[in-house]
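**Student:** So the sequence lines, in the order shown, correspond to chains A and B. For what it's worth, my numbering labels the leading residue of the first sequence as 809, then goes sequentially. For what it's worth, my numbering labels the leading residue of the second sequence as 809, then goes sequentially.
In case anyone wonders, no lab produced these hints; they're calculated from the structure. There could be a bad hint or two in this list.
Any copy will do: because identical chains look the same in the list, a pair fits if it lies in one copy or spans two.
As the list claims (entries may be wrong) - Mimicking PhoX-like on lysine-lysine, the simulated pairs with C-alpha atoms at most 25 Å apart in a straight line are:
no., residue 1, residue 2
1, K928, K943
2, K1028, K971
3, K848, K943
4, K943, K844
5, K1072, K1041
6, K905, K960
7, K1038, K928
8, K844, K928
9, K1090, K1041
10, K1062, K1078
11, K928, K1118
12, K1118, K848
Here the structure is a predicted model, which is why all the values come from computation and not from measurement.
Protein chains: 2
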Amino acid sequence: MQSFKELAAAFSTRFNTSHFPTEPRTLYAANDYFLKLGGKHIRPVICLMGNELFDTISLDAWHVATAIELFHNFTLIHDDIMDAAPLRRGFETVHYKYGSNTALLAGDVMLVAAYEYLNKINSNYLKPVINIFSKTAREVCEGQQIDMDFEKLENVSLNDYLKMIELKTSVLLAASLKMGAILGGAGEGNQNHLYEFGENLGIAFQIQDDYLDAFGDPEKFGKTAGGDIKQNKKTFLLIHVLETANEQLQKELKELLNNNAEDKIERVLKIFKDCNVDEWSKELKHQYFNKALHHLNEVAVLNTRKQPLKELADFLIQRDY
Amino acid sequence: MQSFKELAAAFSTRFNTSHFPTEPRTLYAANDYFLKLGGKHIRPVICLMGNELFDTISLDAWHVATAIELFHNFTLIHDDIMDAAPLRRGFETVHYKYGSNTALLAGDVMLVAAYEYLNKINSNYLKPVINIFSKTAREVCEGQQIDMDFEKLENVSLNDYLKMIELKTSVLLAASLKMGAILGGAGEGNQNHLYEFGENLGIAFQIQDDYLDAFGDPEKFGKTAGGDIKQNKKTFLLIHVLETANEQLQKELKELLNNNAEDKIERVLKIFKDCNVDEWSKELKHQYFNKALHHLNEVAVLNTRKQPLKELADFLIQRDY
Chain A
809 MQSFKELAAA FSTRFNTSHF PTEPRTLYAA NDYFLKLGGK HIRPVICLMG NELFDTISLD
869 AWHVATAIEL FHNFTLIHDD IMDAAPLRRG FETVHYKYGS NTALLAGDVM LVAAYEYLNK
929 INSNYLKPVI NIFSKTAREV CEGQQIDMDF EKLENVSLND YLKMIELKTS VLLAASLKMG
989 AILGGAGEGN QNHLYEFGEN LGIAFQIQDD YLDAFGDPEK FGKTAGGDIK QNKKTFLLIH
1049 VLETANEQLQ KELKELLNNN AEDKIERVLK IFKDCNVDEW SKELKHQYFN KALHHLNEVA
1109 VLNTRKQPLK ELADFLIQRD Y
Chain B
809 MQSFKELAAA FSTRFNTSHF PTEPRTLYAA NDYFLKLGGK HIRPVICLMG NELFDTISLD
869 AWHVATAIEL FHNFTLIHDD IMDAAPLRRG FETVHYKYGS NTALLAGDVM LVAAYEYLNK
929 INSNYLKPVI NIFSKTAREV CEGQQIDMDF EKLENVSLND YLKMIELKTS VLLAASLKMG
989 AILGGAGEGN QNHLYEFGEN LGIAFQIQDD YLDAFGDPEK FGKTAGGDIK QNKKTFLLIH
1049 VLETANEQLQ KELKELLNNN AEDKIERVLK IFKDCNVDEW SKELKHQYFN KALHHLNEVA
1109 VLNTRKQPLK ELADFLIQRD Y
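Just need the whole structure built from these sequences, with the hints factored in.
**Tutor:** Spelled out as structure tokens, the structure:
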């Protein structure tokens, strides 16, 4: 059994090759550029871990892991166009560097390349793997649309926000694990528990992300605290406060959102604390984290085989920076 | 054996259903809207014809034909964004009606839906069909990039233009036929002859399209003649004249391209005629058309089975409007 760190290093080495034809350069330079910006490779590695849970890692699992990473990068390139984002991982986004049209096409061929990698696997597994991959791809697009819709709404319910996070973030983690498990010969029960593990872990991770943006230590977190507050971004915290705070605090909060006072972040944070949203979100995160661990426990393989996944979950969730 | 008209009617009936989930409406309304705008369905029907050449049309061929039509619509939605086109088939484009971000996502899920239809076919055919489908999808994206690159170049060689047309237009026709043939149990030789037939037919069709834009009867053609000339669009005609005209005519032509004189279309057409480009392009079209027919003749099935494809080729190419 290999740790996340070991597998991430192995994946990076394998992934660090050209995944596209040489010509036309005007198109594929954009793809190569974006892939060179790196990334944490959580999704492909979690696929490898789902595979190793049941067997030694197969060549098929490496192909699917590569497809997953290409798919993830396709979503980032297109999301950056939609968000008009100038930077990604500290570097120019594809559409800033190569123009929106080339970025659009670079995303399109990245998605096609993902399917080309999927198509390399053993024929027996092709149909179930493409099935879950395509369903997930569709759901991630749906999540992105719902997220954009939310920007235009004044009120979003916690349930609707949860559903959006599930689609936009969690299902890809869940599906990555499940595809790895399928290729390892896992039965349906085990596949489903792993899917649930990934889905709940993804939600816990997003709750933590929202929490850290408000309350994290900027030095450890690597970005200025309160970015979400500044942009009026819907987060677990904001939605909860808007749903539960008393009338006076709600009024104050809405006024703050509608103006861009210099001390907006400070004052919103004060309301958050007055509503105990920091404690509430920690508690919510732990609920989802525990639900995730429950499903991992239910997977019918030896406990020792689950160790790397448990360590990864701990690492992803219990970090306090 | 069914004619193009019969198969087109049957395909339209089958295709006229919802290919997407109901929610989120903000996304899928865009997909449903665009598919309702219709289209000639040449590509899916040619897939069915490739299939019927060898056997009665199978359920798998209907799935692949649907995937091809969804793929074609994906390219149209994204191309319209790139061209900032306000209209498609006389109606508002998706990005005009729903915004660029939703149009981008609508295209993305359209491509994913195409793969979902492919994944419905018999497992035995899945790998070869996805193989050619993905290769073709990649090539169509490459063709679109090269086309955009050409807009920025002053000179494009006839060879480079041909290569672009092959990628942007011909390979999808060729691949549609080939996938239909694969599903009909065709051997490799027959598959390849059909591919060549489709590819050469596609080029002949584009030459005719370029010809008709300059010399077609506007009343029969349904659009104003000279649209390509007005926009300085690279076409078989313009490229040939720029490659072959004498110095004096080249100078005159380049001046016309750099200004937008009121009589630009008339004067460019006069140069085209002085260079006999109308005759030249008819001759070139016939060369590709004949090459296409040669490959169709080489397909080892009874001549009577080829009749619908021959009629379609005649209809597509010999029309003079």
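**Student:** Hint by hint, which ones does the structure fall short of?
**Tutor:** 2, 7 and 11
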